[in-house]
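Model the full structure from these sequences, guided by the hints.
Protein chains: 2
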Amino acid sequence: MQEHYPTREAIEAAHLRIKPFVHHTPVMASNSINEIIGAKLFLKCENFQKVGAFKYRGATNAVLMLTDAERRKGVATHSSGNHAQALALAARNNGLKAYIVMPENSSKVKMDAVKGYGAEVITCTPTQKAREETLAKVVERTGAIFIHPYNNFHIIAGQATAAKELIEEIPDLDIIMAPVGGGGLLSGTALATHYFSPDTKVIAGEPLNANDAWQAMQKGEVVEALPPDTIADGLLTSLGDKTFAIIRKHVAEIITVSEPEIIAAMRLIWERMKIIIEPSSAVPVAAAIKDRERLRGKRIGIIISGGNVDLSKLPFKYNLI
Amino acid sequence: MQEHYPTREAIEAAHLRIKPFVHHTPVMASNSINEIIGAKLFLKCENFQKVGAFKYRGATNAVLMLTDAERRKGVATHSSGNHAQALALAARNNGLKAYIVMPENSSKVKMDAVKGYGAEVITCTPTQKAREETLAKVVERTGAIFIHPYNNFHIIAGQATAAKELIEEIPDLDIIMAPVGGGGLLSGTALATHYFSPDTKVIAGEPLNANDAWQAMQKGEVVEALPPDTIADGLLTSLGDKTFAIIRKHVAEIITVSEPEIIAAMRLIWERMKIIIEPSSAVPVAAAIKDRERLRGKRIGIIISGGNVDLSKLPFKYNLI
Chain G
42 MQEHYPTREA IEAAHLRIKP FVHHTPVMAS NSINEIIGAK LFLKCENFQK VGAFKYRGAT
102 NAVLMLTDAE RRKGVATHSS GNHAQALALA ARNNGLKAYI VMPENSSKVK MDAVKGYGAE
162 VITCTPTQKA REETLAKVVE RTGAIFIHPY NNFHIIAGQA TAAKELIEEI PDLDIIMAPV
222 GGGGLLSGTA LATHYFSPDT KVIAGEPLNA NDAWQAMQKG EVVEALPPDT IADGLLTSLG
282 DKTFAIIRKH VAEIITVSEP EIIAAMRLIW ERMKIIIEPS SAVPVAAAIK DRERLRGKRI
342 GIIISGGNVD LSKLPFKYNL I
Chain U
42 MQEHYPTREA IEAAHLRIKP FVHHTPVMAS NSINEIIGAK LFLKCENFQK VGAFKYRGAT
102 NAVLMLTDAE RRKGVATHSS GNHAQALALA ARNNGLKAYI VMPENSSKVK MDAVKGYGAE
162 VITCTPTQKA REETLAKVVE RTGAIFIHPY NNFHIIAGQA TAAKELIEEI PDLDIIMAPV
222 GGGGLLSGTA LATHYFSPDT KVIAGEPLNA NDAWQAMQKG EVVEALPPDT IADGLLTSLG
282 DKTFAIIRKH VAEIITVSEP EIIAAMRLIW ERMKIIIEPS SAVPVAAAIK DRERLRGKRI
342 GIIISGGNVD LSKLPFKYNL I
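Those protein sequences? They're chains G and U, same order as listed. Take the first sequence: its position 9, counting from 1, is numbered 50 in our numbering, and each next residue is one higher. Take the second sequence: its position 83, counting from 1, is numbered 124 in our numbering, and each next residue is one higher.
There could be a bad hint or two in this list.
Just so you know, same-sequence chains aren't split out, so a pair can sit in one copy or run between any two.
Stated by the list, open to error - Below, computed lysine-lysine pairings styled on DSS-like, alpha-carbon distance capped at 30 Å:
1. Lys331 <-> Lys354
2. Lys81 <-> Lys149
3. Lys242 <-> Lys151
4. Lys156 <-> Lys114
5. Lys60 <-> Lys81
6. Lys156 <-> Lys81
7. Lys178 <-> Lys260
8. Lys331 <-> Lys156
Calculated from the structure, these hints are not laboratory results. Bear in mind the structure is a predicted one, so any value in this text is a computation, not a measurement.
Next up, the structure:
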């Protein structure tokens, strides 16, 4: 069966819908990095987005797509990371209740942030099974609408708006790159590029240590991630069926990168551009650096997914490469 | 004798002169930080300036003010930090030779950067005396023009342009804040504010552990800094006679802050705004936080002096306050 996924019109409508709520983030560039790589990079800085990540776009779109009856019930999800904060804030800014299931080993900072946005936090043991079961109970108790962090077309359409803005600001990109975890950002980026800049190729970056998307592209089916072990803590999840269908069709290539390559790329951006990007955002940058011979002279847009980093645990003690 | 210092017209001319060479840096703000402080902060982000610091403005102006005969001789200075890089790049971009005396314990990264800009680096033992003697020899040998890092009116007029841009972009500031080390940035900021926004008060931030400017304001004369011990490594020097004369007349107040206050302010900016500011830049932010009761409701511009940080030596292992 042909999967139906967000149309050009759906993404345009999502963009109009969320515009009053999200930051129009800047596109930044660095001459010295361009000299190092031998290409022209344009960074779409979602690290400056509300809650510090692109996730706020999708969460806002999903919340705004609810019916009045659904709005009265509120929204629910399970997440230890950026989606938890994004959904909590999107709900608060639209007068909805949010129920967020978080593993009990989530960082206190993140849990406090979610509570700070007025959401009800329900903790559970830190397994996928416990998260899903706890969420099911919350949904049963409250009637809240489950908003999946990525395998949801409203989420995907919202995430697509970052690439849409990049394309509108920087014409004639040869390539647009994004990181891939669950695939919400990548599938949205691929659709926006397909509709609004069809001659631009979409390439993903993925940690070698969490390369389920790369494997899925080889096998032609979704692959469960092995227990992933990467500093790119936003990319631990596996593709969903919806994100995979889009990625399979519209993403040209996935480049995998090692942990030292990720850390070196992150350090390069911090040092040269004076902006804080999270490890997940450094993944496509690392991919561009790794394949710089092949990418020489290209105009490359990169979606910088976010800037949420635990400053107490930085990897910069040593220069790794 | 009345000291003559840069006029309104001199600063306007400096701005026109350096505009083709410097970045017009953005002004950034953060709702969450404004909520924490209870005031409206506007950060003039010279961390995004070339060489990562405001110093490039003054160095460019000083280089452009040379006569043709002086240009042929080149420029010289002693510096272990941002002024070294700024003068080296300003010289290169204007086709001049630069001779930079650097203490032999300067970081290899900084020395390499200065060499990368094509300057001749002359090392010396790391004392003020050795720096001055070595510089004198270089000047004698080459005839190069010594460009003092701050006690120089062309430097001061160049540094003034950052505050001028801030004032042009953000009207009706109650206060403009800047850090103070040798006083080049602070005196320029004070003059620009005096000329272009005379109702705005200028307040400086200074590390308690390097509080020679605070002492000078009490005593009414320049005070040698005790061997300063602060993470704010851009603020180790003492005021010069030229910078002191301006600061004494046009700066309302100097607020001193402790090392934990500096680190906490730096961390707050990194975490909430996702931009990298150096410890020296965190000093006026820390001052605004320290005196937030008194500053409540004010519109406060802060000159963020730079973003050059050694990522191998970050102070974020512990939350200090």
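Structure-based check of each hint:
For the homomeric pair lysine 331 and lysine 354, the shortest alpha-carbon distances inside one copy (25 Å) and between copies (27 Å) are both at most 30 Å. Only between protomers do lysine 81 and lysine 149 lie at most 30 Å apart by alpha-carbon distance; the minimum there is 28 Å, versus 39 Å within a single protomer. In this homomeric assembly, lysine 242 and lysine 151 never come within 30 Å of each other (Cα to Cα): the closest approach is 35 Å inside a single copy and 38 Å across copies. Taking the closest pair of Cα atoms, lysine 156 and lysine 114 come within 30 Å of each other only inside a single copy of the chain (18 Å); across copies the shortest separation is 64 Å, beyond that limit.
Both within a single protomer and between protomers do lysine 60 and lysine 81 lie at most 30 Å apart by alpha-carbon distance, with minima of 28 Å and 24 Å respectively. Within a single copy, lysine 156 and lysine 81 get their C-alpha atoms only as close as 41 Å, which misses the 30 Å cut-off; across copies the closest is 25 Å, which meets it. Taking identical chains as interchangeable, the C-alpha atoms of lysine 178 and lysine 260 are never at most 30 Å apart, the minima being 35 Å within one chain and 70 Å between chains. With identical chains, the CA atoms of lysine 331 and lysine 156 are at most 30 Å apart between copies only, with a shortest distance of 27 Å across copies and 40 Å within one.
Hint check: violations occur at hints 3 and 7; the rest are consistent with the structure.
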